[in-house]
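Take the sequences, apply the hints, and build the full model.
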Amino acid sequence: MGRTRSPRDLMTPATLHILLALAGEDLHGYGVKQEVEERTAGRLRLGPGTLYEAIHRLEADGWIEEVPGPDAAGGKRKYYRLAPEGRMAMEEELRRLAAIVEFARDERLLPEEAR
Amino acid sequence: MRAPMRTLVRVLLRLHPAAFREARGVEVAAFVEAERKRAAHRGALALALFWTRTTLDLFRSAVRLRVSPSGPASAVQPGRRAWDAPARDLRHAARALASTPVLSAVVVLTLGLSVGMTTAIFSVVDAVLLQPLDYRAPDRLVHVTADVEGEDMRALFSGGDLQEIRRTVDAFEAAAGAGFIRQNLTGAGLPRHVGVGWGSGDLFEVLGVEAALGRAFGPSDGPGTVVLTHTLWRDQFGSDPDVLGRSVQLDGHAHTVVGVLPEGLRLHLPSFPSGDVALWKNPDTFWQNGDIWNAQGPSLGLLRVVGRLAPAGTLQQARQQLAVLEADFRRRFAEYETAGLTLGAVPLQNDLVADVRRTLLLLLAAVGVVLLIACANVMGLLLVRARQRRRTLAVRRALGASRGRLFGLLLGESAILAALGGGVGIVLAVGGTRLLEWLGPALPRAEAVAVDARVLAFGLAISVGVTFLVGLVPALGGSRADPADELRGPRSVAEGSGGLLRNGLVVTQLAFSLVLLVASGLLTSSLARVRSVDPGFDPEGLLTFAVSLPGSRYEWPDETGRFLIRFEERIADLPGVESVGIMWPVPLSDSRWMSLYTAGQVDEGTRAFADYRVGTAGYFETLDIPVLEGRLFGEGDRAESVVISRRVAERAWPGESGLGRVVRANPWGGDPVEYEVVGIVDDVRYADLRQEAQGALYFDLRHWSWADWEFDVVLRTTGPPAALTPALRDLLADADPEVPLAAPTTMTELVDRQLAGIRFALSLVALFSVVAGVLALVGLYGVISYMAGRRSREIAIRLAVGSGRSGIARLVLGHGLRLTLVGLALGLGGGMVSSRLLETWLYEVEATDPATYMGVAALLGVLALAATAVPAWRTARLDPMEVLRTE
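Quick mapping for you: the protein sequence lines, in order, are chains A and B. Residues in the first sequence are numbered from 173 upward in steps of one, following the numbering used here. Residues in the second sequence are numbered from 1020 upward in steps of one, following the numbering used here.
Hints listed in this document are in silico derivations from the structure and should not be mistaken for laboratory results. Note that the structure is predicted; figures quoted are calculated from it, not measured. Among the clues, some could well be false.
Claimed, not checked - Short, incomplete list of chain B residues facing chain A, as computed with Cβ under 8 Å:
{"no.": "1", "residue": "Phe-1039"}
{"no.": "2", "residue": "Ala-1042"}
{"no.": "3", "residue": "Glu-1046"}
{"no.": "4", "residue": "Val-1047"}
{"no.": "5", "residue": "Ala-1049"}
{"no.": "6", "residue": "Val-1051"}
To be verified - Pulled a few chain A residues facing chain B out of the computed Cβ check, cut under 8 Å:
{"no.": "7", "residue": "Gly-201"}
{"no.": "8", "residue": "Tyr-202"}
{"no.": "9", "residue": "Gly-219"}
{"no.": "10", "residue": "Pro-220"}
{"no.": "11", "residue": "Gly-221"}
{"no.": "12", "residue": "Thr-222"}
{"no.": "13", "residue": "Tyr-224"}
{"no.": "14", "residue": "Glu-225"}
{"no.": "15", "residue": "His-228"}
{"no.": "16", "residue": "Ala-232"}
{"no.": "17", "residue": "Lys-250"}
Quick reminder that beta carbons are idealized off the backbone N, C-alpha and C, glycines included.
This is the structure we're talking about:
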């Protein structure tokens, strides 16, 4: 994928959380939504438009790919898997966030640390 | 999922690009269904919130996918709440608008004014034309008409005619009659001359109207039963609930009150002065002028007839059965045959508002044009605004704002402007409705005009419609701003594609405002011509009022005649009275009295109508009506003497004198009687200033006076006419305390009432056209200024390399002139086509009157030139070095 990251391509929490949800296991769309909601303790609730728009765009960018679902699900539902490109983008974003957290920790700006 | 919700999801999916819909549609639907089930468990509120959130979420994803179908996935913004993003857009939009307060205010006022005017006019259209009448199943009610062939005239029915209609037209399950007379009401405070609705026993049953207090009269009530209107009950009886069973006197006959009608209810019937009806009475035979309920044929026609269609009956059947009856009437009554009587049936509501429909539709069309102009104007302003902000928007885009966000921002601005404009508009509409009531002629059903929920919904709907109409194009254009293009540096000289749209908008505004100005011009000339009509008398300084003597106490014609002559003499002795006369009816009053006559060449079978009048010789002197030949009524004249007017004489005996000849007329019904012509006077326009006089026959009051019906007294005063009313009232009370002085009015008021209709149409169309013209000129000025501003660099270079300033001015002026000429040409064409709508109001002016068209076009052209000259002058005075430095 030849897309270069520009400031306006900063990853939004929604995208990051979708990628994180798929990093664990392959999921169908609604499963992604439930997983994200669980991880964020209900703070991030994706609506159908937002979720499938993101999935649509992520698939177009090659960050995730469609896979057949397990036989138990009747094979009818579409499942999604995190593609290598997507994993790289996710890791890059996590490193960026980690660097920020690192910096904050060093400066004793993180509330738990300052206690 | 319920069907409407499935449809909603389907519609929302439709908004998405096809590629998305095909790939994800099934999943989205399954997602929504799963979430719905969860929400449904938590109750109705949760479900409602779920649908709101889901709808907004899908709407937003649709907009984003449409605006940027291949944007990066990483930027998808869910928003913590689905309405966060719109709310943020609105906040930003409000801030952006506040930064250009003048432009925002102009837009809000323009929208407010046009929405307000449109809503006010709609409120009248709705109340008068659209709302069903206050009757039971009003669409089954039919007005039975008796048109006089080839004349703009309708005959009224006698009681015998009504009985025939009931007997022969079985498409009706019932048919009722209603007449209007005026009577003296005594036994309830001061004596008053009031309008009395005279209804057949089944009138209230047929209409389906019930009393608010007591009951309405029915077919089984004996003579002498009345139902009060709410207004009379309040004014004359202090809203006393014990009024039921009380006795009141009408022209000296006792009547028992059995009920009071609901507040505000008026029984609307075509050409029926329902606003003047104070109470309704059922048929009786007390009336000295005859028993209208049992009279046969054309004599004593006083009734309008309303039929209610039977369940199986149709309008078509009613018409066919009335045609059969018409043939029968014509065979039996010679007068019906001569008059060319035509029976017809028209849905009651259509007939009731037939006269005002054209006026209201004209006004609706005119105000719609203003609304269009305002839209074009606001759209032009928003385009300029979006254009000027392209750089700002491009910067935001470069900093990471998505197209969807910018689009939302710009649409948010339009939404705020439309909401504010709509708010201003609705306030103006409430005021405008009051103004229309005050300004308007007596519209039928005007009492129902109000800014109610329907009208508010209409105002809201056009505000929202206008937002999308004027906001969408600038928003789309602005959100497409390409950062690379805009930030590259000084703009290129070439005019962008928006130029055509902007020019088109200005041309449209000019064209439409010219159409309205042409309409104003034509109406103005018409009004001027109606005003300058010579009615045949001098209306200045004349006072008129009515007197009606009760038949229960005055023997007619002797006692009534003596009383009236004596009363006339006593008025003549009052200080301030120059002259006085009696005549029924006076010119331009509500009352009309006309009938057929034969004389000389006007033989049997010729359809010639004359105004019939009974009065005294003093009338002619008082009104300044010249005597052309012979003399007025004299002391020793036979009862069968007549004074005729010029038109009758000229039709009957062209080129000869009519003096001493015979006119056959039947003022009192029955067979025609021969009258000898003793004098010929000049014509008077009795019915309408715009209608040629049809000629009149005058009979002598001394022989032909009556009771239970009014006579008009008219006097010429030396001072202001209305100042004499108290003295006249005292004089009448002295002559007979039970006879009230009725309807005092000046003759100039009667003339003014004639002009009310055209003046109403004119004042509104003129208001609309001025607003339209100002908007169009502001629009033109704005566009020329803007274009000149955009070309300032090019112009500076031209000036720097030695172009003359006059050449530059010509360049800018030329642009304005081209737009103006195209606009005027289109406007003239549009005026030619649309001015046909005006024909009802035009008097002695052609709808295509070249002078009006040229004059109005020249006026608008000069103003447009002035609006262009200002920016042209400013541009020509540019300092080239200044411009090039800042660029």
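For each hint, the structure was consulted:
1. Phe-1039: 6 Å, holds
2. Ala-1042: Constraint on Ala-1042 (chain B) satisfied, holds at 7 Å.
3. Glu-1046: 5 Å, holds
4. Val-1047: At 5 Å from the nearest chain A Cβ, Val-1047 (chain B) passes the 8 Å test, so the hint holds.
5. Ala-1049: 7 Å, holds
6. Val-1051: With Cβ-Cβ at 5 Å, under 8 Å, it holds.
7. Gly-201: Given a least distance of 5 Å, the restraint on Gly-201 (chain A) holds.
8. Tyr-202: This hint holds: Tyr-202 (chain A) lies near chain B, its Cβ roughly 5 Å from the closest one there, short of 8 Å.
9. Gly-219: With Cβ-Cβ at 3 Å, under 8 Å, it holds.
10. Pro-220: 4 Å, holds
11. Gly-221: 3 Å, holds
12. Thr-222: OK, holds: Thr-222 (chain A) within 8 Å of chain B, min 4 Å.
13. Tyr-224: 4 Å, holds
14. Glu-225: Holds: closest Cβ of chain B sits about 4 Å from Glu-225 (chain A), inside 8 Å.
15. His-228: 6 Å, holds
16. Ala-232: 7 Å, holds
17. Lys-250: Where the cut-off is 8 Å and the nearest Cβ of chain B is about 6 Å from Lys-250 (chain A), the hint holds.
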